[in-house]
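Colleague: Please put together the full structure from these sequences, using the hints given.
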Amino acid sequence: MSILLDASTRVIVQGITGREGGFHTEQMQELGTKVVAGTSPGRGGTAHLGVPVFNTVADAVKATGANASGIFVPAPFAADAIMEAAAAGITLIVCITEGIPIQDMIRVKDFLRGYPGARLIGANCPGLITPGQAKIGIIPQRITRPGQVGLVSRSGTLTYEVASALSAAGMGQSTIVGIGGDPVLGLTFRDVVELFEKDPETTHLVLIGEIGGSDEEHAAELLARGSRLKAVAFISGRTAPEGKRMGHAGAIISGNRGTARSKEEAFQKAGVAVAETTDDIVGMLR
Amino acid sequence: MSILLDASTRVIVQGITGREGGFHTEQMQELGTKVVAGTSPGRGGTAHLGVPVFNTVADAVKATGANASGIFVPAPFAADAIMEAAAAGITLIVCITEGIPIQDMIRVKDFLRGYPGARLIGANCPGLITPGQAKIGIIPQRITRPGQVGLVSRSGTLTYEVASALSAAGMGQSTIVGIGGDPVLGLTFRDVVELFEKDPETTHLVLIGEIGGSDEEHAAELLARGSRLKAVAFISGRTAPEGKRMGHAGAIISGNRGTARSKEEAFQKAGVAVAETTDDIVGMLR
Amino acid sequence: MKLLEYQAKEVLASLGITIPPGVVARNPDEAATAFAKLGPIAVKAQVPVGGRGKAGGIKLARSEDEARRAAEQIIGMDIKGFKVPLVYCEAALDIAREIYVGFTVDRDARANVLLLSAKGGMDIEQVAEESPEAIARLHPNPWRGPLDFELAQVAYEAGLGELARPLAALVKKLYRAIPDYDALTAEINPLVVTRAGDVIAGDAKLEVDDNAAWRHRDLEERYGSLLEGDPYEVEAKKRGLTYVSLDGDIGIIGNGAGLCMGTLDLVQRAGGKPANFCDIGGGAKAEVVENALAVILMNPKVKGVLINVFGGITRGDEVAKGVVTARDNLKMRLPLVVRMSGTREEEGRKILKENGIEPGVSGWEAAQKIVELTRAGVGR
Amino acid sequence: MKLLEYQAKEVLASLGITIPPGVVARNPDEAATAFAKLGPIAVKAQVPVGGRGKAGGIKLARSEDEARRAAEQIIGMDIKGFKVPLVYCEAALDIAREIYVGFTVDRDARANVLLLSAKGGMDIEQVAEESPEAIARLHPNPWRGPLDFELAQVAYEAGLGELARPLAALVKKLYRAIPDYDALTAEINPLVVTRAGDVIAGDAKLEVDDNAAWRHRDLEERYGSLLEGDPYEVEAKKRGLTYVSLDGDIGIIGNGAGLCMGTLDLVQRAGGKPANFCDIGGGAKAEVVENALAVILMNPKVKGVLINVFGGITRGDEVAKGVVTARDNLKMRLPLVVRMSGTREEEGRKILKENGIEPGVSGWEAAQKIVELTRAGVGR
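Chains as they are written, first to last, in the numbering used here: chain W, 1 to 286; chain H, 287 to 572; chain G, 573 to 952; chain P, 953 to 1332.
It is possible that part of the hints are untrue.
[Stated by the list, open to error] Computed spacing ranges between beta-carbons, pair by pair:
#	chain 1	residue 1	chain 2	residue 2	range
1	G	N927	W	R142	24 to 30 Å
2	W	G117	P	G1033	50 to 56 Å
3	H	G458	P	V1313	20 to 26 Å
[Stated by the list, open to error] In silico lysine-lysine, DSBU-like type, Cα no more than 30 Å apart, as pairs:
#	chain 1	residue 1	chain 2	residue 2
4	P	K1124	W	K62
5	G	K745	W	K109
6	P	K1157	H	K395
7	G	K744	P	K1125
8	W	K109	W	K34
9	P	K1157	W	K62
10	H	K395	P	K1125
11	H	K395	G	K744
12	G	K574	W	K109
Honestly, the hints are just simulated from the structure, not real lab data. Please read all numbers here as calculations on a predicted model, not as lab measurements. Built from N, CA and C at the ideal position, the CB exists for glycine as well.
Modeller: So this is what it looks like as structure tokens:
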């Protein structure tokens, strides 16, 4: 009924005593997420929001058997936090922090090669939610409902738009994964689509892409080999001028690579319907 | 009839146009070693000692299908040469060069983790020889003869001593491996002993150790679990004073670790006979 | 932050790379002095974009007079929207050959990539398109940096084997720009090999990751003030906004890069032309909205503004109140359409209407409204 | 190369580590001047071995007179075979606590290891033996260096969590001694935390890999001349030999560290006492043998010499000729036993005998011979 995350996932929050970390931990708890601990250097031994706080992730994992982490630490410390989680044996690492230097993330990606069991989502992403069960990150549970649509997106707010519309139309979601818009990130469209393919409860798929990079094209290649999912894709930034970097999101196009057109064509070639606006998605998915 | 190396191994020599590299390549060829190429940056496209010379190991491997390499380049370039060989897909890398900085070798060891198929012998070692078939390195073939004794040693000249004595007594060798005396090196005693255990043609084993480190102890632990090999061990440096570094070989003892006594006791506990001088080894092996 | 050529060269020189003798000139007199000091010079416009040669931004000067005239012509020139603040006067080189060498982020590989080509001095994107085999590539491990044997391999691949050693030495220095300065691009094109066999940076591009600005305050202090391009973008940066200037007349504000880009698409689809991209990030506090509106209203071309806020957690009524306050503080009279969602979105829409602001239920509806209102020229 | 304390501190300071104000003094007057400048000081013998405190090599001075007297007593003192060439006069610190922090090569792990302990100021080997749990360990990846989270973990493990941040900053600086200076050991003991909360290197040890000397010529130029310990070892190093002084009276020369050590064992077993370890490496050229013999004969305690050469590729007759030439050039009269093997070893033995040198067939036989000859006092 979900990928990556469900009600049994044992979650820690890195940076739980911070403002953001604390606020969203409460939201996660409200949905029923099994938050088993938090970390905050120097605050080990205390408790916060009803869970124990540890100095290090290693300590938290040892004491609680946590297997997932949500990272809410400031950008200068976020890359280190990801590596700490992986080294401590966390297998699902969700990094919400935005503004992490690209070189930090390139080093992190290489570091993670040493931990093949660890999956990173983000950074600079809204995280993921399995409606009605659990979430790690900041996707508002209010706009989601349990169901069979898998949703994967590079954009935060567009995800919310689409989830809202799906929920309003009675089309619940199996899991919603915001993979983030940074140029160097963890799980890709393709990785997440593969997981949805294997989840028997997911029957529909929505992909929300963006200009820049070739990740959408790679997912389309996978879907072109045949998929049991009814899929709709949407690409934002089709009218963005060439060579302009659209925000920290790193959406930038150079030459013919990474344009909205190339991505839309890739999906069409794969037999995936392409929506012109997010408003069209629900209708096309039925 | 051998471990690691036989007449079919396809060998390149890195630094073939150097004085040492050239001289020992000829010795290797004389024994029948299948030397298929050499490398020497800037000399690609020429030939030397009857084999083609390439600029890079990658080129040599591509053109000749080489799977082993002997490295005879000067110390400042040796660590890079080892990594180059591994990255090019060479699976048996024998580094003869002495005087490589320890930090270089520590970095090399970590680099090699990315190439689990690659085995490094050395550096600062005499290499290995499968008598009558092939050699990579500088062990004089004259003092060896084919047979069933596996010989593994940290010392170059002591290896020659013992090989000579074995050959003179009619006890041939399956393979002789000089693993080198540096503090940070490739294959260990234990690694080589494991290979000899698996080689049905090897029936006897001689280990020539040295003070410093715990590699002999680790090999003894393995042998203590039961071995089909009739084994004799010898440790040099038993009278070396504590805390003195005996040559670049890095033999140094601190506290109780790495002493000749601890090594000898480990072997005795494992049921391995311990020789007091190298002269005693042949007699004890019979 | 894209450094100017002379700034990039100063950084490369600090990494041990040889650069030609050169002097910055802010006026024709200084250019004349530079000639007196250096002899024949290239007078080069300092702007953080490529293509300045074609735009007339580089002139050779073989006399003080020519130097003076070149500076006169170039300083103040507009190159792709950048007003040239100063020129760099650089001694002419005795060029034997020109090579391309550069690092950039390879997004698909999630790694840095070294590009090396014997076809230096040309636009590398053009080379990549016309003869991709002329560019050798290496993805160095980000912790190790490029290794000697990797650099030798890539030099031979690029047909530059005879220069393998000096190139390896140079590339290792250039690579330091990545860990030491968070370079996203570090490029030397052309890398000049002189007839004496020296290897010298003929031109240099260096882009430092804005996300890592906190690690490189020194760079910003030394160079930041000169990097003024588009005045709205500069102002937006000061106010901490993610803002990109575009050509149209409808100001756009959104929260989240994806939503913001999607809003551009919708406006364009409805027949309008966006004046900017402006992402105000999560939430939508009155203060931030006010800052964004202020920057957008600086642009006299703007005829109306569309705000598209998806309130994941933010309450609609609060967003509405914030927008109203911002508009009132700025005494804004242009058409304003606000599309928002979230808890209490209906209350929010009510507040907007009461204050004369057009609410929209969907982004598409809102886009159509703003296009219609700006066409009608309301508020002008 | 083991640096002296003040040299190691200079290097650490260049890496950004705080050291106390200090001055080198080569005579009592300079020590008095140091006091005038710094106030109360510790006057510390500069020798590249530990244990100088117990040996009386460190004295506190609370007046110019005390400083002068301390320097008088310490300079020229013998500490574990090292004659003290100068003292380091260092301002006294306001110590709140003392920590141990050091990097060294962990041979078994084939890696560098960071050792961190709240028990600073003590002999770390003793701490390791008595309370190993008091030492926290980290093996940093050699390409990445220690990462922040690893350093935090190790600080908490060592019970130094409240100092995690300043310690991490310090350890990252100390680590630079490994890639930048090929340090085999880089140790600060004690690392002093002052009552003001500053973290300062109270003492420092730095050993640079001799194999990497070619990368650090600057260090050798700046510091090398002061690092004279055992005069024979110094002389041997100049001649490019691997030589270690021992206590006995039989000089030993061998090719290969293993054979050489094995020869020491044999001599000891035969009842003799080796005067040195001297590995002349592969081959056995006349010139190298002569250099080795020359160094050994400098030592007046030596009563005889044993040369043990296994000629893998070298020819026995050539080795023999070389030894004869070397002995003749040096006019050596002490007993000399040579054991060698290789092609033409019998011809070699013949040459030796003809020249009055005892040949040996096996190492054991040769060892017995030299012990016998030196006991008999031949040549004296």
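Colleague: Next step is simple, just say for each hint if it's right about the structure.
Modeller: Hints and how they fare:
1. G/N927 to W/R142: 24 to 30 Å: holds (26 Å)
2. W/G117 to P/G1033: 50 to 56 Å: holds (54 Å)
3. H/G458 to P/V1313: 20 to 26 Å: About 22 Å separates the Cβ atoms of H/G458 and P/V1313, which means 20 to 26 Å holds.
4. P/K1124 to W/K62: Answer holds: P/K1124 to W/K62 is near 27 Å, not above 30 Å.
5. G/K745 to W/K109: holds (24 Å)
6. P/K1157 to H/K395: Holds. P/K1157 to H/K395 sits at ~26 Å (cutoff 30 Å).
7. G/K744 to P/K1125: Holds, at about 22 Å.
8. W/K109 to W/K34: Distance ~27 Å between W/K109 and W/K34 Cα, so the pair holds.
9. P/K1157 to W/K62: Violated, at about 36 Å.
10. H/K395 to P/K1125: holds (24 Å)
11. H/K395 to G/K744: holds (22 Å)
12. G/K574 to W/K109: Distance of about 25 Å is within 30 Å: holds.
In terms of the numbered hints stated before, the structure departs from hint 9 and from no other.
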